[in-house]
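Listed here are the chains, written in short residue letters.
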Amino acid sequence: EAAVTQSPRNKVTVTGGNVTLSCRQTNSHNYMYWYRQDTGHGLRLIHYSYGAGNLQIGDVPDGYKATRTTQEDFFLLLELASPSQTSLYFCASREGLASAETLYFGSGTRLTVL
Amino acid sequence: GDSVTQTEGQVALSEEDFLTIHCNYSASGYPALFWYVQYPGEGPQFLFRASRDKEKGSSRGFEATYDKGTTSFHLRKASVQESDSAVYYCALGDLTGANTGKLTFGHGTILRVHP
Chain A
78 EAAVTQSPRN KVTVTGGNVT LSCRQTNSHN YMYWYRQDTG HGLRLIHYSY
128 GAGNLQIGDV PDGYKATRTT QEDFFLLLEL ASPSQTSLYF CASREGLASA
178 ETLYFGSGTR LTVL
Chain B
95 GDSVTQTEGQ VALSEEDFLT IHCNYSASGY PALFWYVQYP GEGPQFLFRA
145 SRDKEKGSSR GFEATYDKGT TSFHLRKASV QESDSAVYYC ALGDLTGANT
195 GKLTFGHGTI LRVHP
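Chains as they are written, first to last, in my numbering: chain A, 78 to 191; chain B, 95 to 209.
Bound-form chain A, shown alone (with noise of 0.2 Å):
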């Protein structure tokens, strides 16, 4: 079983206020995401990647900034936090591109900006 580890559990900040989101997994997948999930909107995809150094731009991208630095790591950054940032925020990993790979998604970061 993939283990997707999130880092912190929760976040509190003010608006302005520069957050960064940790995204660990062990099983060196290839793929790796961030999503948000609002109640109304379900899950939206912010940023994801394919590889270290490698970012693809998801639906909902403005105010997010993510980096792969490794094969395990993917980070979401918050530059100038806003209260339309307050979310449920997950990551998640696949290992390829064929039809059978299944998405292996960490517990979330809740995140509030007061």
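In short, the hints are calculated from the structure, not lab data.
Ideal Cβ placement from N, Cα and C applies to all residues, glycine included.
Do not rely on the hints blindly, as some may be mistaken.
[What the hints assert, rightly or not] Where chain A lies over chain B, by a calculated footprint (3+ residues, C-beta under 8 Å):
no.: 1; segment: 166 to 174
no.: 2; segment: 200 to 208
[What the hints assert, rightly or not] Quick partial rundown of chain A residues pointing at chain B, CB under 10 Å, derived from the structure:
no.: 3; residue: Gln114
no.: 4; residue: Leu120
no.: 5; residue: Arg121
no.: 6; residue: Leu132
no.: 7; residue: Gln133
no.: 8; residue: Asp136
no.: 9; residue: Thr163
no.: 10; residue: Phe167
no.: 11; residue: Ala169
no.: 12; residue: Arg171
no.: 13; residue: Gly185
Knowing the structure of chain A, use the given hints to seat chain B on it.
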């Protein structure tokens, strides 16, 4: 762009009731289709998938059939249990073209099963 529509935002049932959650999709290519389930306090977890027309996916008593003609992948279970209470997400995976690798989710359906 690709999209997934789940008709029901919430479903309330009693144990042993029949469940249907409707999922329709719009995609330019020939996507793979998935159902994920999310229990309270956890991340979503894979339930099952289907990759081609008329293929049936199933797991834990849940099933869905890929229907390219009606662009649907409806989730069904014959007899639900209280432990099935969770949020269910339909998703599609774009395996071709410019969006390769991207997985698009519906808004989710909250299922509550009463004893």
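Coverage of the segment 200 to 208 of chain B by chain A, judged on three or more residues with CB within 8 Å: holds (count 3)
Restraint check, 10 Å cut-off on beta carbons, for Thr163/A near chain B: This hint is violated: Thr163/A lies away from chain B, its Cβ roughly 18 Å from the closest one there, beyond 10 Å.
Proposed interface contact between Leu132/A and chain B, which counts if any beta carbon pair is under 10 Å: Nearest chain B Cβ about 12 Å off; hint violated.
Agreement of hint Gln133/A with chain B interface, Cβ distance less than 10 Å: OK, holds: Gln133/A within 10 Å of chain B, min 7 Å.
Interface hint compliance - Ala169/A to chain B, C-beta minimum distance less than 10 Å: 7 Å, holds
Chain B contact restraint on Arg171/A - CB to CB distance below 10 Å: Where the cut-off is 10 Å and the nearest Cβ of chain B is about 8 Å from Arg171/A, the hint holds.
Satisfaction of the Asp136/A interface hint, Cβ to chain B closer than 10 Å: This interface hint holds because 8 Å falls under the 10 Å limit.
Hinted contact Arg121/A with chain B - closest CB pair below 10 Å: Status holds, d = 8 Å.
Hint status (Cβ of Gly185/A to nearest Cβ of chain B, threshold 10 Å): At about 6 Å, which falls below the 10 Å cut-off, the nearest Cβ of chain B leaves the hint on Gly185/A intact, so it holds.
Hint status (Cβ of Gln114/A to nearest Cβ of chain B, threshold 10 Å): Check passed: Cβ of Gln114/A comes within 8 Å of chain B, closer than 10 Å.
Status of the Phe167/A interface restraint (C-beta, 10 Å, chain B): 5 Å, holds
Hint check, Leu120/A versus chain B [nearest Cβ-Cβ separation less than 10 Å]: 4 Å, holds
In summary, the numbered hints that this structure violates are 1, 6, 9.
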